[in-house]
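2 protein chains.
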Amino acid sequence: MSVNQQNESQLYIGIDGGGSKCRASIFCPQKGVIGTGVAGRANPLHGLEQTFNSIIESTKLALADANLAASDAQQLIAGVGLAGVNVPRLFDQVNNWQHPFAKMYLTTDLHTACIGAHNGDDGAVIITGTGSCGFAHVGDQSLLIGGHGFALGDKGSGAWLGQKAAEHVLLNLDGFAADTALTKLLLAHFNVDDAMGIVEHLAGQSSSTYAKLARIVLLCADNGDEVATDIVQQGAGYISDMARKLFAIHPSRFSMIGGLAEPLLHWLDIDVASKVADALSPPEIGAILFAQQQFAADNRKGV
Amino acid sequence: MSVNQQNESQLYIGIDGGGSKCRASIFCPQKGVIGTGVAGRANPLHGLEQTFNSIIESTKLALADANLAASDAQQLIAGVGLAGVNVPRLFDQVNNWQHPFAKMYLTTDLHTACIGAHNGDDGAVIITGTGSCGFAHVGDQSLLIGGHGFALGDKGSGAWLGQKAAEHVLLNLDGFAADTALTKLLLAHFNVDDAMGIVEHLAGQSSSTYAKLARIVLLCADNGDEVATDIVQQGAGYISDMARKLFAIHPSRFSMIGGLAEPLLHWLDIDVASKVADALSPPEIGAILFAQQQFAADNRKGV
Chain A
1 MSVNQQNESQ LYIGIDGGGS KCRASIFCPQ KGVIGTGVAG RANPLHGLEQ TFNSIIESTK
61 LALADANLAA SDAQQLIAGV GLAGVNVPRL FDQVNNWQHP FAKMYLTTDL HTACIGAHNG
121 DDGAVIITGT GSCGFAHVGD QSLLIGGHGF ALGDKGSGAW LGQKAAEHVL LNLDGFAADT
181 ALTKLLLAHF NVDDAMGIVE HLAGQSSSTY AKLARIVLLC ADNGDEVATD IVQQGAGYIS
241 DMARKLFAIH PSRFSMIGGL AEPLLHWLDI DVASKVADAL SPPEIGAILF AQQQFAADNR
301 KGV
Chain B
1001 MSVNQQNESQ LYIGIDGGGS KCRASIFCPQ KGVIGTGVAG RANPLHGLEQ TFNSIIESTK
1061 LALADANLAA SDAQQLIAGV GLAGVNVPRL FDQVNNWQHP FAKMYLTTDL HTACIGAHNG
1121 DDGAVIITGT GSCGFAHVGD QSLLIGGHGF ALGDKGSGAW LGQKAAEHVL LNLDGFAADT
1181 ALTKLLLAHF NVDDAMGIVE HLAGQSSSTY AKLARIVLLC ADNGDEVATD IVQQGAGYIS
1241 DMARKLFAIH PSRFSMIGGL AEPLLHWLDI DVASKVADAL SPPEIGAILF AQQQFAADNR
1301 KGV
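Line by line, the protein sequences give chains A and B.
If you count the first sequence from 1, position 43 lands on 43 in the working numbering, and the numbers rise without skipping.
If you count the second sequence from 1, position 61 lands on 1061 in the working numbering, and the numbers rise without skipping.
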C-alpha cells in the first residue's frame, strides 16, 4: 500500500485534554469530522489514571457518535495534546501508556491549540480558560510561557480570577478589606451568608471550581467594581506582557483561545488586542493536523 | 462511684489535628502525661477518612507509648481539637463518627490551642504554622479570625509564604519579575534548574509542601532580599492586623504558636509583638483540659 492510499482510508482522532475537559474528534480524510466526544479533565499533573480514563471515555463517545464500534479505537491514529506534558517525566509516562490506538502522537495542548488556531501554519496563541499560558511556533523555534498551573501561576486565567476574588471576599468578610459588589455576588453565587459558607464550597477544590467564579469577577469589573477591576487589570496586564514576549519571535498570526479569550479582549493593552486574529480551528482539530503531520513524516522516514 | 473517684482514675487523651500532623497525649490525673503519639494530617476539610485514620493512628501510638493495649482506647475520655470543624457540616460529620473512645468532646484546634496556651484560662492566640488563624475566648465571647485554608486565605502562614515565593520565582524565571536570591535558593532547594522543575515539585501538592519553603523565604528576608522582605512584610502585616482585631474583646493573655511564631515575631508591629506571652502548654494539653472541663460539666449536669 502506498502512502497516499493509506492516508485516504486512514481515520484519525484528535484529542485535546486539559484542566476541566477532554475533547475528542474523529476525522475521515473523505468526510471530515465524523464523530466527537467530551469527557472530564485530562491533566497528567493532577493524575495519570484520570487522564487515561478521560482519553478513553472521550474516544468511546466519539466512536459511538461516528457509528463505529469501541474496538475500532485500534484503527485510529491519534494526535493527543495534553496539559502538563511539557514536564518530561509526565511526557514519558503518558507516551509509554499502553494506549488503545494504532499509533499515538503526543504533544502539549498548547502545541495542538496553536496548530489548530492557524490551520497547521506557524503562529502564536494564548490560552485563557481554567488556566493561562502562551505558545508560539515559528520555523524551528518554539516558545512556551507560563502555564504553571493553579496556585503557582496561571495569572489572568479563570481559576486565578476566581481565587483572587474569593481571597478578597474572605478578607472583606473578616474585616480586613473593602466591601464591594463582589462580596454580595459571591455570597449569592454559593447561596451562603458568611465566610465559612464560602470556605466550605471552595476549600480543597480544583482549579475548575475556582474558574467558575471568573464570570462574576468580569461582570463586576465591567460594571466598575473597584476590587474586581483591579484583579482583572492585573490579570490582563500579565496576558498583555505574555503576548509581547511571544511576539519577540515574530509569529505571523496570533490568536487568543479558551473561554476567557473574548471577555478579556477589551481589557488587553491596545497594541496586543489589535493583533488578535480568529482561531481557525479548535485544538482537537489541531491535534488531528498534528497526527497527520507526524504520521506523514513517519511514512516518509519509513517508520 | 462519685465524680471525684471517677476523675482520679479516669484517663484522658488530648488530640490536636491539623494540616500537617495529628498529635495525641494520654493524661493520667495522678501521673500527668503518660504517653504521646504523632500521626499524619487530620483536617476534615481535606478528607474525613484521613482525619479518622490519623486520630486512630496517633491514639494507638500514644497507647503503646503508655504501655497500654490498643483496646484501652475505649477507657479514654477524648478531647479533640481539629482544624476545619468550625464548618458546621464537618463538625457534625466528625462528631457523629463511631469513635473508639469512652467519650469524645470535639472543638476547633484553635479553641484547644487557646485553652492550652493559657492553661485553661481566657486569652487569645494566633497560630502561624502551615496555616494561619486567630482565636480569642473571653467570658462568653469567642472570636475566630481567618483560617480559611491554603489558596483562600491563611496570609502570613508557612504555606502562604511558600506559595507567594514560588509564584514570584516562576514569574522571574519566565522573565516577568525581578531576579533575587530567592530564585537561586528555591531552585537549589528542589535541585532543579528551571521553572518546569519547580512546577513538577509543587503542582497539585498540599499546603504542607508549600509550607516547607517558608524557612527559605524568611532566611532571604532576614538577609535583606527585596522580594522575600516584601512577602514577609505583607504576611506579618496581616498577622499584626489580626492580633489587633483579637485585642478588641480584651483577652488577658496573648500567645503566638506554631512553627512560624518565633521567626515571624520580629516582623510584627511593635504594639503587637510587645504583647506576646509564652504559650504555657501545647494544644494537645489544651485538648486534655477541654475534655476535663466538658466531662466535669457533663457530670455536674448528670449526663
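Just so you know, not all the hints are guaranteed correct.
With a straight-line Cα cutoff of 27 Å, these simulated DSSO-like cross-link-like pairs (lysine-lysine) come out [said to hold, decoys possible]: (1) B/LYS1031 with A/LYS245; (2) B/LYS1021 with B/LYS1031; (3) B/LYS1021 with B/LYS1060; (4) A/LYS21 with A/LYS60; (5) A/LYS184 with B/LYS1031; (6) B/LYS1301 with B/LYS1184.
Everything labelled a hint here was simulated from the structure, so no lab data went into it.
Status of the hints after comparison with the structure:
no.	hint	in the structure
1	B/LYS1031 with A/LYS245	68 Å, violated
2	B/LYS1021 with B/LYS1031	26 Å, holds
3	B/LYS1021 with B/LYS1060	15 Å, holds
4	A/LYS21 with A/LYS60	15 Å, holds
5	A/LYS184 with B/LYS1031	54 Å, violated
6	B/LYS1301 with B/LYS1184	62 Å, violated
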